[in-house]
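J.: Chain order of the listed sequences is A and B. Quick note: the first sequence uses our numbering, first residue 1, plus one each step. Quick note: the second sequence uses our numbering, first residue 1001, plus one each step.
These are computed hints drawn from the structure, not numbers from a lab. Glycine included, every Cβ here is placed at the ideal spot set by N, Cα and C. Hints may contain errors.
Said to hold, decoys possible - In silico negatives: residues of chain A with every beta carbon more than 10 Å from chain B: (1) P230; (2) V266; (3) M347.
Claimed, not checked - Label-pair ranges, simulated between beta-carbon atoms: (4) A:I289 with B:L1016: 30 to 36 Å; (5) B:V1020 with A:I275: 23 to 29 Å; (6) A:F409 with B:D1025: 23 to 29 Å; (7) A:Q298 with B:A1026: 24 to 30 Å; (8) B:N1024 with A:D441: 44 to 50 Å; (9) A:G358 with B:V1044: 28 to 34 Å; (10) B:V1015 with A:R349: 33 to 39 Å; (11) A:G358 with B:G1041: 51 to 57 Å; (12) B:G1031 with A:Q298: 39 to 45 Å; (13) B:L1007 with A:V465: 25 to 31 Å.
What the hints assert, rightly or not - Quick partial rundown of chain A residues pointing at chain B, CB under 8 Å, derived from the structure: (14) S77; (15) R213; (16) R305; (17) L309; (18) G313; (19) V314.
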Amino acid sequence: MLPVVFLYLGLVLAIGLWSHRMARSTGEDFFVAGRTIGPFVLLMTLFGTHMTAFALLGASGESYRIGIGVFGLMASSSALIAPTLFFFVGMRVWRLGKQYGYVTQVELLSERFQSPLLGLCLFPVLAVLLVPYLLIGVMGGGITLSEIGGDAIPTWVGSVLITAVVLVYVCFGGLRGTAWVNTFQTCFFMVIGAVTVWLIVGRLGGLETAMARVAESHPEMLVRGDNVRPLQLVTYLLIPASVGMFPHIFQHWLSARRAATFRAPVILYPACILIVWLPSVLLGVFGRIDFPDLVGPQANSVLVRMIALYSPGVLGGLLAAGVFAAIMSSLDSQSLALGTMFTRDVMPRLLGRKLADGEQVLAGRLFLASVLLLTLGLSFVVNRSIFGLAVWCFTGYTALLPILIGALFWRRATAAGALASLATAFASWLYFFRAGWGKPDYSVLGSGAMPVAVIVPAAALALIVVSLLTRPPDTAVVERFVGDD
Amino acid sequence: MKRLVPLLPVLALLVLHTDVWLWNDATMLWGLPIGLSYHVGFCVAAMAALAILVRYRWPRELVEAAYEGAATAAAEPAGEDDGRSAPGKG
């Protein structure tokens, strides 16, 4: 298996390095691929970036724990919410980027609200929320390699390997390299995911037999029953809304060549979700048949254990490479987004001047390298459920969404309102994080409602009330951002 | 009001997402537990709803605005974007 994984990593590196030949040494080319990405690459790269170890390892681990209900919680809700946000928010963001040259959320929101202070406060929040998300990928790489290689390979080896490969191709290729590699990797893990489930289900005796075996030993896995609560399902609809504030998704929106580029991603996104999540959830549930006693974070390795059990050899290596593909296709965009934010939002303030193109690219590379190495270091000391990490991260980003929605759709939204919303989101997120961290079934007052259902309305209310209490923003500025549509 | 109509399928799906009526139903449909097949069907329905959104609520004004004064407009061939040249078309 291992040689196949190494061969795959070599191929990914080659694509990333090859894309470097197409690059121009400008900040816009490095950070948003010169705004030249077409529909297919945009679909694949948005999807690959959105789906991480969370979708494969986390989803299969969680469905191993609570059964088929996971698909409704995260997959079908994402299938509707994410592309709807691409349509209403992503296209507006793209238009503003095209028209005024924005590259980061901080640039756009600081200008909309005429508030450098908002940008200053927003950067650390966006960056800090991204680090756990990066950790999910780095830890997922470690788990994958360790499981397929047996106990002989410690988890840190996979983490180091995945970090090194991503570091090299992102540094060389920038967003263009990332988009090309992501397209390849997303196609790869979608095909491999379908092949995996087909193979494993076949070896379990067919879908009907596999379901019957689960029904016999763990019937609670095939219904939602007490594993998912109705209020939990309703409030989980807010979690995928985090896609609207992910810095890495924002950056990919800006890379679109033209508005029509968004059509394919908007319409076909649910199909992509289906292709990836259905196998993950099914394999997690079927994992109960052969590995009935996995506990805690061990459940996240159920997918890799199934692969190792049913598809050893070259095919197993390909399947493991598929898991690597899903992980790296997110890790690259996330680290690049952090590098971009630092270069565009922080460095000019620190130096007191705008950076030249060459300086921007250099600073972006240095910062994303630092971020990846820091994440790698953290992965050695953190040992938490991948799914648990992701949901807190998503909650934080969703909590910031009212600011962007207000900026783009509400003329009356003011800087003070946005700052109040940010402070409310931060404080309430921190409160719930402290209350719920380490408790996988935590909900607000035990009602089943996710904390996001309280945090988002609170942040939106703060935006509305404080905006209405403060002086309206400059009409000329607002008109640039809030269209008639 | 006319602008809201293409949004209705998306709003309907938001409501239909919480399928409480299938909560403890272990019936099998398409080889899957019905609670799972329902959400597979939901994804397909989401594609249709989004296609309606793109077809009938394409933000033509936004697309045009992007070309007015855009620094990169010169590099873009006029009319290449369907949204500019086909009002109301998706």
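J.: Would you mind marking each hint as holding or not holding in the structure?
T.: Okay, the hints, checked on the actual structure:
1. With a least beta-carbon separation of about 5 Å from chain B, P230 (chain A) fails to lie farther than 10 Å from that chain, contradicting its non-interface assignment.
2. Listed as a non-interface residue, V266 (chain A) fails to keep its Cβ farther than 10 Å from every Cβ of chain B; the least gap is roughly 5 Å.
3. Interface exclusion of M347 (chain A) from chain B stands, the closest Cβ pair being 22 Å apart, more than 10 Å.
4. As the Cβ distance of I289 (chain A) to L1016 (chain B) is approximately 32 Å, the hint placing it in 30 to 36 Å holds.
5. One distance hint, 23 to 29 Å for the beta-carbon pair V1020 (chain B) and I275 (chain A), holds here, with the actual separation near 27 Å.
6. Look at F409 (chain A) against D1025 (chain B): about 39 Å separates their beta carbons, and that is not inside 23 to 29 Å.
7. Range check, Q298 (chain A) to A1026 (chain B): Cβ separation about 27 Å, and the 24 to 30 Å hint holds.
8. Checked against the hint of 44 to 50 Å, the C-beta distance between N1024 (chain B) and D441 (chain A) comes to roughly 19 Å, which is inconsistent with it.
9. The hint said 28 to 34 Å for the Cβ distance between G358 (chain A) and V1044 (chain B), and at roughly 49 Å that hint is violated.
10. The hinted range of 33 to 39 Å is not satisfied by V1015 (chain B) and R349 (chain A), whose Cβ atoms lie roughly 46 Å apart.
11. For the pair G358 (chain A) and G1041 (chain B), the beta carbons lie near 53 Å from each other, so the given range of 51 to 57 Å is met.
12. At about 29 Å, the CB distance of G1031 (chain B) to Q298 (chain A) disagrees with the hint of 39 to 45 Å.
13. Remark: the range hint 25 to 31 Å for L1007 (chain B) to V465 (chain A) is upheld by a beta-carbon distance near 27 Å.
14. The closest approach between the C-beta of S77 (chain A) and any C-beta of chain B is roughly 6 Å, which is under the 8 Å cut-off, so the hint is satisfied.
15. Checking R213 (chain A) against chain B by beta carbon gives a least distance of about 13 Å; that is not within 8 Å, so the hint is violated.
16. The beta carbon of R305 (chain A) comes no nearer than 22 Å to any beta carbon in chain B, farther than 8 Å, and the hint placing it at the interface is violated.
17. Interface hint at L309 (chain A): violated, since its Cβ lies 22 Å from the closest Cβ of chain B, which is beyond the 8 Å cut-off.
18. Taking 8 Å as the C-beta contact cut-off toward chain B, the hint placing G313 (chain A) at the interface is violated, the least distance being around 28 Å.
19. Proximity of V314 (chain A) to chain B is violated relative to the hint, the smallest CB-CB distance being about 29 Å (cut-off 8 Å).
Of the numbered hints given earlier, the model fails hints 1, 2, 6, 8, 9, 10, 12, 15, 16, 17, 18, 19; all others are met.
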